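Asks: Letter by letter, the chains look like this.
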Amino acid sequence: MSAAIQFIGHSVLDCVRSLGRMGGFLLYSCYMIVRRPGSPLYILKQIRFIGSKSLFVICLTAAFTGMVLGLQGYYTLAKFGSEGMLGTAVALSLVRELGPVLAALMVTGRAGSAITAEIGIMRISEQIDALETMALDPFKYLITPKIIAAMLALPLLCAIFDVVGIYGGWLVGVKLLGVNPGAYFYEMEQSVVWRDVYSGFVKSFSFGVIIAWIGCYKGYFAGHGAEGVSRATTESVVLTSVLILVWDYFLTSVLL
Amino acid sequence: MIRLSNVHKSFDSQQVLNDLSLEIPTGQITAIIGPSGEGKSVLLKHMIGLMKPDSGRIEVDGESILNIRRSQLNRIREKFGMLFQNAALLDSMSVFENVAFPLREKTRLSSDEIEQRVRSALEHVGLKNVNGKYPDELSGGMKKRVGLARALLLNPKIILFDEPTTGLDPIIKRAIHQLIKDTHAQFGFTAVIVSHEIPEIFDIAQNVAMLFRGKILQIGTSDEIRGSTDPTAKQFITGSLDGPIQLV
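Taken in order, these protein sequences are the chains called L and C.
Residue 154 in the working numbering sits at position 70 of the first sequence; the count goes up by one each step and never skips.
Residue 195 in the working numbering sits at position 57 of the second sequence; the count goes up by one each step and never skips.
Everything labelled a hint here was simulated from the structure, so no lab data went into it.
It cannot be assumed that every hint is accurate.
In silico DSSO-like cross-links for lysine-lysine, where the CA-CA straight-line distance does not exceed 27 Å [claimed, not checked]:
no., chain 1, residue 1, chain 2, residue 2
1, L, K163, L, K259
2, L, K224, C, K217
3, C, K271, L, K137
4, C, K311, C, K271
5, C, K281, C, K311
6, C, K217, C, K281
7, L, K224, C, K271
8, L, K129, C, K281
9, C, K295, C, K372
10, L, K224, C, K353
11, C, K311, L, K224
Remember, predicted model here, so these are calculated numbers, not experimental data.
Just chain C, same shape as in the assembly:
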């Protein structure tokens, strides 16, 4: 379980997370929704220790990830996989090398075993004949799928998805959503998905948390949030221009 308690984070004078508390249940898919610029990606980066809060507590499986040695943090990070918004593939490496990289660095598998696992991971995300290509030769959807293959490869207990389908066409979008559902059903990891994909996200996630003005405005099951009567949540879900969420 990931637990954030009373987390505050500001950038200069802008308060991004304001006394935020949230619990991510183990083995389930939790979606974090909310207007753009509300700090959803910042929240995700706090969960894996890429950003540190100004105050508050963050725990993963009961262990604090704050004020600990880098080696301890790395041990906790081994539980995680992360798919970044722009996939964050290492651009000096080919697709094959990108996916093989964590295996080479963190396991003692032979070259043949690594090759076999990378090929099967890429096939699993629907990619063939791209092994020798470099990230800048791939489309956005292909990059995300390579990123997903890399994130899944070491069978992490927790996977963080930062807008996995933003900017993709509807077919690729559906394919990636299906892939997340299928791999979750297969491996049973804990997933946290930051997404704007309304209403699709309600079919994928078991829990949905809405972030607004630096706090979790509402959290509940997909059906609870879908049927929310809160004016802010309702406005966001329906995409209405009228309501508490102002464009400017």
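For reference, chain L alone in the conformation it holds in the complex:
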């Protein structure tokens, strides 16, 4: 019995310690973003890595998400004789919810895992220690450029996701199922307001922070050897994905 209580106590303490360390990591990253954000060249490189190189997977996912929405939306709306509202349904679903969330989950899988692996390998091969011994702050070179790049890239990727998804819905709804093209775009224009777009951008911006924060944190504190890096990468993807969904719920409830 006492062993069980001891185990629970240790687990809770470990959890609180990890949360504190994660919070401290984020706070110090924010401080460094303000004080010494790193060279624009590093930031551009990271925007290329997190943003440009994710374009293909974002477009592919967006197109099929829009197409499924078009298909599902059409058959649901047809029951009420409201096929003309398909553009609205597709656009609102994408702009408010699916665009930011799916784009973030795709970037987590593609770039978040790579960030953890890269920093984790640098940690176990003492490259981060080498930076420190040269009196260079690793946050300036490794962490802040990635966080800034993710904050900038995610809203742009989300915008691209939304546009491609809307055209995916258009392809299925208008071209395959015969919805009036004018109605598709007119209804969309009437019902999607700035607040919807704004909430999508706020979400994707904060998801960018989460992806880079957790990715960098897990890599920075990766355990020993290849197994440690592999574990850190898995934990990073799982934790980031869960945090994105949980944070999405809270943001939605605030922004609605």
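Given the coordinates of chain L, work out where chain C should sit on it, guided by the hints.
Replies: Then chain C, alone, in the frame of chain L:
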């Protein structure tokens, strides 16, 4: 001078440094020897603040490096250069970029001056035509020499060498030892070398400290340690299987 007083360090239940006290004299080469797994690299990392002790004091030139702001620690670290066991070159950068990196980040030298200094530093360690290569294209000895060039470039007052010749062939080994001796004679830095190279290390270092069971077992001049009658030191130096140092 680097001074460690009553330093304790444990990893989980394993005590690595146990009330260790050590003084590294300024301007001399001090070697730290001892069986594998005794915490020599851990000791080295404590000297530059990469690891923090559980208790004890660590001072560099009279200034404590514990419980100070990161900016203060960085100011103290500017006195240091370090050559890691696996060189720890930044693998996303070429050899040239690796060596130029501290110059670019810490000085206001022009590109031409940086290029000139990097080339001369690489030539100094016997490397030519490797500027555009990446660390994974280099042999172990070449990586160590690039690491040495990087460590020497900003003329540090103290250089820490973590097993600079482990895993290298005898010729490269001798070349690196000679390089350390020559650069020390030229620049007069304080050097701390963690090494297993017995007996070569006695010809390079002026002082030798033997680490055993988390403490400095013996410290003295090279000749004193070479001629030590302590059974542990003697066993380690002669490489005998019989003695207080157990394999398991």
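Asks: Determine for every hint whether it applies to the structure shown.
Replies: Okay, the hints, checked on the actual structure:
no.	hint	verdict
1	K163(L) <-> K259(L)	holds, 20 Å
2	K224(L) <-> K217(C)	holds, 21 Å
3	K271(C) <-> K137(L)	holds, 25 Å
4	K311(C) <-> K271(C)	holds, 22 Å
5	K281(C) <-> K311(C)	holds, 13 Å
6	K217(C) <-> K281(C)	holds, 23 Å
7	K224(L) <-> K271(C)	holds, 25 Å
8	K129(L) <-> K281(C)	holds, 26 Å
9	K295(C) <-> K372(C)	violated, 32 Å
10	K224(L) <-> K353(C)	violated, 37 Å
11	K311(C) <-> K224(L)	violated, 36 Å
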